[in-house]
Amino acid sequence: MAACIAFGAYSEAKRQADAAEKQIDVAKDSLQKQLRAYIVVKSATIAKDDSGKFKLGRTDSLGRRELFIYYEISNEGATPAYNVFRSVTIEYPFDGKISFDYTDGTAAYVVKQQQFGPIITRGFTDDERELIAKGVEKPLVFAGQITYRDIFDREWPTNFCFRYIKTPNDVKFEFCPRWTTTDKLNYSK
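Just so you know, we're using the numbering used here here: the sequence shown kicks off at 28 and counts up by one.
I should point out that these hints are in silico values taken from the structure, not numbers from a laboratory.
A couple of the hints might just be wrong.
Calculated cross-link-like contacts (lysine-lysine; reagent style DSS-like; alpha-carbon spacing at most 25 Å) [what the hints assert, rightly or not]:
#1 Lys193 x Lys75
#2 Lys199 x Lys161
#3 Lys41 x Lys124
#4 Lys69 x Lys165
#5 Lys49 x Lys161
#6 Lys80 x Lys161
#7 Lys193 x Lys161
#8 Lys41 x Lys199
#9 Lys161 x Lys75
#10 Lys124 x Lys165
#11 Lys49 x Lys124
#12 Lys193 x Lys80
#13 Lys199 x Lys165
#14 Lys193 x Lys69
#15 Lys193 x Lys139
If you anchor each label on the Cβ, the simulated ranges turn out as follows [as the list claims (entries may be wrong)]:
#16 Phe202 x Asp131: 15 to 23 Å
#17 Leu62 x Pro195: 34 to 42 Å
#18 Phe202 x Thr152: 22 to 30 Å
#19 Ile178 x Gly79: 36 to 44 Å
#20 Asp87 x Pro195: 31 to 39 Å
Here a beta-carbon is modelled for each residue, glycine too, at the ideal position from N, C-alpha and C.
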């Protein structure tokens, strides 16, 4: 009889200990979500001069001129993001495929908000630049992937995509539908 009571007490103590361990795991996970870095890409712009025309870079042997793209990222988390690696691509005309061809380097860390660029594009003909500036046909797409580490040494990805298109008031970069994602654990939905 004493053995049955002892076994029952042991079973109840083990159940309570297991429940306490689960609560600790939940609390630890919650703490990490509250403290970790969350990188998001806020905006992108093509550099323009005072008259509103694209600032142009070098001219290649075929007479095409480069454009300059800047983009702003923000750390929406409570702690810095470390080893922030950026891969980008510029696609024109956009055919639905994105390949991250170019590295934009690595930042040691991002605390709050930071601008990167210029990303120097391939050369564009006068006609291509005119169509891009109108934003009405196939858009110029600027996309990328940022990977970073949080203070818990976990790696996280953030993908981004912008289309340079005509909006009601302007021609500018807008987020691509269905392409811009942040990591699955960023924010609860």
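Practice task
Assess, step by step, whether the Cα of Lys193 is no farther than 25 Å from the Cα of Lys139, and give holds or violated.
Solution key: Between Lys193 and Lys139 the Cα gap is close to 30 Å, so the pair fails against 25 Å, i.e. violated.
Practice task
Quickly compare the C-alpha distance for Lys193 and Lys80 to 25 Å and report which way the hint goes.
Solution key: holds (15 Å)
Problem - Outcome for the supplied range 15 to 23 Å, where the beta carbon pair is Phe202 and Asp131 - result: holds (19 Å)
Handout entry: Range agreement (Cβ of Gly79 with Cβ of Ile178, hint 36 to 44 Å)
Key = holds (43 Å)
Problem - Asp87 paired with Pro195, Cβ distance criterion 31 to 39 Å - result: holds (35 Å)
Practice task
For the pair supplied as a hint, Lys69 and Lys165, confirm whether the alpha-carbon distance does not exceed 25 Å.
Solution key: holds (23 Å)
Handout entry: Given hint Lys75 paired with Lys193 - CA-CA distance at most 25 Å
Key = holds (16 Å)
Handout entry: Hinted pair Lys49 and Lys161, Cα distance within 25 Å
Key = The given pair, whose Cα atoms are some 57 Å apart, is violated under the 25 Å limit.
Practice task
Using the Cβ atoms, figure out if Leu62 sits within 34 to 42 Å of Pro195.
Solution key: 40 Å Cβ-Cβ, so the 34 to 42 Å window holds.
Problem - Holds or violated: Lys199 to Lys161, with C-alpha atoms at most 25 Å apart - result: At roughly 9 Å apart (the allowed maximum being 25 Å), Lys161 and Lys199 satisfy the hint.
Exercise for the section: Would you mind confirming whether the straight-line C-alpha gap from Lys124 to Lys165 stays at or under 25 Å? Expected result: With a Cα-Cα distance of about 13 Å, the restraint between Lys124 and Lys165 holds, given a limit of 25 Å.
Problem - Straight-line alpha-carbon gap Lys80 to Lys161, limit 25 Å - result: The given pair, whose Cα atoms are some 11 Å apart, holds under the 25 Å limit.
Consistency with the previously given hints fails for numbers 3, 5, 8, 11 and 15, ordered from lowest to highest.
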